[in-house]
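Novice: Starting from the known structure of chain B, fit chain G onto it as the hints suggest.
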Amino acid sequence: MRATLEWATLLVCCAALLLRVPDAVRGRNRTVFGILFLGTLCSVLAVSELYELIDRALGGWDLTSLILRYLVFATVLLVGLRVTRGLAADRAHQLIAGGIGRWALGLGCLAVTLAFFLMDSYGSPEGLHAQAADGAGDADLAPWFTAAGRTYPAFVSLVLVAPLLAAVRSRLPRLVRAGALLVLLGAAFAVLSLPAALTPSSWAGAQHFVNYAAALGYVVGLVVFWFSGLIASPSGNARATLRRNRG
Amino acid sequence: MPLPAKAFQHWLHVVAPNASTADICRISGIKRTTLAQQLVRGKVAESTLVSISRALKRSPLADLASFDSYAELAGRPLPPTPAELVSQIATMDLLRAVISRSAPAYGGYGDDGSALTPALAPAPHATSVRNWVDAIDDGELRHRVSDATGVAPQNYSAQLTANRLSPELAVATARAAGVGFTGGLVATGLLTEAEAGWPPEAKQAALDALSDGELTALAGERLQALGKTLRRQEHEQEQTKKIWENLG
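Protein chains in written order, with our numbering: chain B, 1 to 247; chain G, 248 to 495.
Just so you know, the hints here were simulated from the structure itself, not pulled from any lab data.
Hints may contain errors.
Covered stretches of chain B (chain G as the covering partner; in silico rule of three or more C-beta atoms under 8 Å from a C-beta of chain G) [claimed, not checked]:
| no. | stretch |
| --- | --- |
| 1 | 76 to 88 |
| 2 | 166 to 178 |
A short list of chain B residues far from chain G (calculated; beta carbon distances all over 12 Å) [what the hints assert, rightly or not]:
| no. | residue |
| --- | --- |
| 3 | 23 |
| 4 | 44 |
| 5 | 50 |
| 6 | 52 |
| 7 | 54 |
| 8 | 103 |
| 9 | 116 |
| 10 | 206 |
| 11 | 213 |
| 12 | 221 |
| 13 | 222 |
| 14 | 227 |
Predicted, not measured: the structure shown is a model, and the values here were computed from it.
Built from N, CA and C at the ideal position, the CB exists for glycine as well.
The shape of chain B in the complex, shown without the other chains (with noise of 0.2 Å):
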């Protein structure tokens, strides 16, 4: 189950960033380029098999780990502000550039790297969660690591949720918001992340499940918002123009 949504969103990911490559080398909205690329990279250290041969190139003490959080705090933070952006919501959007932001991301890497060094442990996330089992070490550090990963994700997540959902019960074009819905989703999954990392090691199954719905709900509603822009025709959502009350 695990490998499979691992390896899904890994190629839902791909697919994207290469879905998006032309657009790219014509210069358009690159940043959009751009948080695909760390998402798909994220992605990729997410990957079981492909982190440990990552990690054991890096010298294998873990550090791949605190790497990946801190890549998926720059993609969250790139897709928190142009979400935020291209929605017109002004408060939101001051929320995650502003000065609570700022103070939201510096804590967020704060703990991570305090969680990290404190786990002072060796070994792969998997070899983390053996050691919990065995109640051996400062393993048991290791879920609270996996939280501090996820603060930043929730709180940006939770700002975006205001104006997704203003944006689904609108009346914009439906790919639209149906690309919205998706985000929604993916946000609402973000947020429920984090509690969800501090439950029982036995909800693993559901642990993960919460964690991708989240990544594969950002990463599919951004490039809904791209279809609904390339299918749409500029005549299109014209209901009661003038020409049509010239009768």
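Specialist: Chain G in isolation, oriented as in the chain B frame:
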């Protein structure tokens, strides 16, 4: 509620005993798949019946009345009220009437009867459904329709905004307002004015009967509503554009 397929097929057998389904579709311009689907589902749309009745040179109103759910349409229909007639005049025709009544210096003819202005466009127009309901609404109409049919007020309003109303709701609305049953069917475009038995000059006569003040106020209301709709659409387009610029 659309017409039951069984009753529809019985009707079809009576009015066109020798015609095949293919013939019926060809003369009425209905897609064969559409008709087949409606028959399979057991519910035939009123517009299907009207198209076939029209193609067979029959009276769509009388044919509709031959079904149980539209039995009220039978007999001599109540003629439309002047307010209903005026509601079926397109906004641009109302504005043209305003100009036409004005002094020649402003492009008008100064005539009262608007004899020189072009003929009014046939109903329905871009906001005919809402204008019709507004014309017969005493303030409580929407609640009465909602109570009588079980359709939620917001769903009813959404249909009006989209300039749609199911024939069943159109009849229910007319019943709740105590006006003739043809008004809603004309406003939704199911029947033409002639098919509904409206005299050809009725709309023009109702327009001419409006005083300058009434006409101007009405045209102003319509223009304001149109402006609101257009502004909302422009705002939505702006929003959509912004989403695509940032996320597309």
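Novice: Now tell me if each hint is right for this structure.
Specialist: Tested hints:
no.: 1; hint: 76 to 88; in the structure: holds (count 6)
no.: 2; hint: 166 to 178; in the structure: holds (count 6)
no.: 3; hint: 23; in the structure: 9 Å, violated
no.: 4; hint: 44; in the structure: 23 Å, holds
no.: 5; hint: 50; in the structure: 28 Å, holds
no.: 6; hint: 52; in the structure: 34 Å, holds
no.: 7; hint: 54; in the structure: 30 Å, holds
no.: 8; hint: 103; in the structure: 25 Å, holds
no.: 9; hint: 116; in the structure: 33 Å, holds
no.: 10; hint: 206; in the structure: 30 Å, holds
no.: 11; hint: 213; in the structure: 20 Å, holds
no.: 12; hint: 221; in the structure: 9 Å, violated
no.: 13; hint: 222; in the structure: 6 Å, violated
no.: 14; hint: 227; in the structure: 9 Å, violated
Checked against the numbered hints above, the structure breaks hints 3, 12, 13, 14 and satisfies the rest.
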